[in-house]
Amino acid sequence: MDLRMKACDIRTDIVEIIHRAGTGHIGGDLSVTDILVDLYYKQMNVAPDKAADRERDRFVLSKGHSVEALYAVLADRGFFPKEDLLTYAQPGSKYIGHPNNKVNGIEMNTGSLGHGLSVGVGMALAGRMDKKKYRVYVVLGDGEMEEGSVWEAVTAGGHYKLDNLTAFVDRNRLQISGPTEEIMTQDKQEDRWAAFGWNVLSIPGNDIEAVDDAVELAKHIKNKPTVIIANTTKGCGVSFMENQVGWHHRVPTDQEYEQAIQELAQRRMQYAQDSE
Amino acid sequence: MNISETKSVRIAYGEALLELGGTEKNLVVLDADLAHATMTCKFGEAYPKRFFNMGIAEGDMMDTAAGLAISGFTPVASTFALFGTGRAYEQIRNSICYPKLNVKIACTHSGLTVGEDGGSHQSIEDISLMRSVPNMTVIVPCDAVQMKKALTAAVEMDGPVYLRVSRPPAPVFTKESDSFEIGKANILRNGSDIAIFATGLMVYEALVAAEELENQGVHAAVVDMHTIKPIDKESIISLARKTKRILTVEEHSVIGGLGSAVAEVLSENMPTAMKCIGIEDCFGQSGTPEQLLKEYGLSSANIVEQTKIMIKKA
Ligand SMILES: [Mg+2]
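Chain order of the listed sequences is A and B.
Be aware that the first sequence starts at 1, since it is given in this note's numbering, and climbs by one per residue.
Be aware that the second sequence starts at 1, since it is given in this note's numbering, and climbs by one per residue.
Isolated chain A (complex conformation):
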């Protein structure tokens, strides 16, 4: 299947999960979707029955508030039944509002910002010690780059020349209370990471082909980790959510839900026609 269509399906699932539960971080889910789809449907060596396989690729969603996007992808890939997500965000459910390792396929508890890249550094060091071929992927938010602890990890990743580590910055230029550049300047991410010794790729992050090319390229870079600055649109795929700071944590009304589902169906149809 055209991965663009898969991304439409995942976005539809995200909107459904959040509408049904009445909670979730929809804007960031929709901006990070294409990265997750490329990783989970094309690039990463992961499978539901091999969640403990030592050769598997590792994934850490450091911007853990986008957990609904991860749940949608993991359920669709068969890591757990889709019906499980009916309990999302309810007391007693392991499908919590942020990632945790009780869920099959989730490596690490995240969500408190500024931790995931350091964890990825540990995984990458472990892979090197074990002489394993696996790769480590970490997705950070652009607001998350304000956490100083991230830069400790950027420093360590460069120092240890972890070429088995690829980081993404979901550069949607918004964070919870407004545009990143108004809150705390984040440009130029490209220059910042490069100064710490990382290989830097800057791409349109909602273009799955561009994401895939960048991930592929990173595999062949030796002696330094790669960061992919994914220039994305918060709320991508739903017109009235795109680039709207208010959709960081808003829940669609029934009417908004219908419209979102319709728009995503239309977009999917468009891709289906394209690929015929």
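Keep in mind the hints are simulated off the structure, nothing from the lab.
Among the clues, some could well be false.
Simulated restraints on C-beta separations [as the list claims (entries may be wrong)]:
(1) B:I56 with A:D187: 20 to 30 Å
(2) B:N135 with A:K131: 24 to 34 Å
(3) B:G86 with A:H249: 26 to 36 Å
(4) A:D191 with B:S179: 56 to 66 Å
(5) B:E156 with A:L86: 16 to 26 Å
(6) A:S275 with B:P134: 42 to 52 Å
(7) A:A195 with B:E176: 21 to 31 Å
(8) A:I183 with B:I187: 50 to 60 Å
(9) B:N135 with A:D49: 25 to 35 Å
(10) B:I56 with A:I183: 46 to 56 Å
(11) B:I56 with A:L86: 44 to 54 Å
(12) B:F283 with A:Q255: 57 to 67 Å
(13) B:G119 with A:R54: 38 to 48 Å
(14) B:E268 with A:G197: 48 to 58 Å
A quick note: this is a predicted structure, and the numbers were derived from the prediction, not measured.
Backbone N, C-alpha and C fix where the C-beta goes; we use that ideal spot for every residue, glycine too.
Assemble chain B with the ligand onto chain A, guided by the hints.
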């Protein structure tokens, strides 16, 4: 007590780590640029491929340890207690204890006995911070011999452990043959008038105090509370029932440490007259370890004095 041998608990930690490194091939050690003070340098020299100096970045070190644990290694992360449990508190909480990862955190230079560095470097809250986090085990070895047993037990168990290690040379008074079981207090001396629960370097002070008290006709039990969490409720309750008086001694704030842990047990199960000796909600200062312990009442003399006050009251 006639003890001639002294040894730093941190030196014993470094030696124990080195020895374990030979048998535990999954053991990896991280330090935040203090390896020559925490003594992880010995492991680092012997096993350079399993040793990571993460630079002066304690938060990053704890999260990196989490990543190593997820990948099947047994990481031991070391720095000074202040920076490990203070600066990196949230990493320990959210990335190690919340996912219940097999990370051992061994922090040296705990308490006032850091000495001349002063209040900024003297961790007097670390037991409180670490024991309040779910899934965490908290161990405070009392001497160099026990240190090795504690580290071995910590590495053998699955899950996060905080080991509180002290800096200065200290009396070696436990024996190789003494038992060490996480969560099981060691009753070092029986007595019917009062039970003194001590931890870390204060265990020795308690023993010295108990001898002096014995000379004065007071029979004090002494308990080595090497494990603060899980706390040994049974020993606490049974000794409270027997002696009717409890004294706790720790090189830590009186808020949230051993005294609080014992009080939590007693207030619910066996309300008993209690006195907590510790640092009275204030910061430390510069001085030699001996000067500071005396200044803050962490001495056998003060234990004797406080015991006599308690006995007079009754
Ligand atoms: Mg953002």
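Here is how each hint holds up against the structure:
Judged by the Cβ atoms, the range 20 to 30 Å given for I56 (chain B) and D187 (chain A) holds: they are separated by roughly 28 Å. For N135 (chain B) and K131 (chain A), the hinted distance range of 24 to 34 Å is satisfied, since their beta carbons lie about 31 Å from each other. At about 31 Å, the CB distance of G86 (chain B) to H249 (chain A) agrees with the hint of 26 to 36 Å. For the hinted restraint 56 to 66 Å between D191 (chain A) and S179 (chain B), the CB-CB distance of approximately 59 Å keeps it satisfied.
Distance hint check for E156 (chain B) and L86 (chain A): the Cβ-Cβ separation is about 41 Å, which falls outside the suggested range of 16 to 26 Å. At roughly 50 Å, the beta carbons of S275 (chain A) and P134 (chain B) sit within the given window of 42 to 52 Å. One distance hint, 21 to 31 Å for the beta-carbon pair A195 (chain A) and E176 (chain B), is violated here, with the actual separation near 53 Å. I183 (chain A) and I187 (chain B) have their C-beta atoms about 58 Å apart, which keeps the hinted 50 to 60 Å range intact.
Taking 25 to 35 Å as the suggested C-beta distance range, the pair N135 (chain B) and D49 (chain A) conforms, at roughly 28 Å. Between I56 (chain B) and I183 (chain A) the beta carbon distance is about 28 Å. The supplied range of 46 to 56 Å is therefore violated. A hinted range of 44 to 54 Å for the beta carbons of I56 (chain B) and L86 (chain A) is consistent with their spacing of about 47 Å. Here the CB-CB span from F283 (chain B) to Q255 (chain A) is close to 59 Å, well matched to the stated 57 to 67 Å.
Checked against the given bound of 38 to 48 Å, the beta carbons of G119 (chain B) and R54 (chain A), roughly 46 Å apart, stay inside it. Separation of E268 (chain B) from G197 (chain A) is about 55 Å and conforms to the stated range, judged on CB atoms against 48 to 58 Å.
The structure is inconsistent with the numbered hints 5, 7, 10, although it conforms to all the rest.
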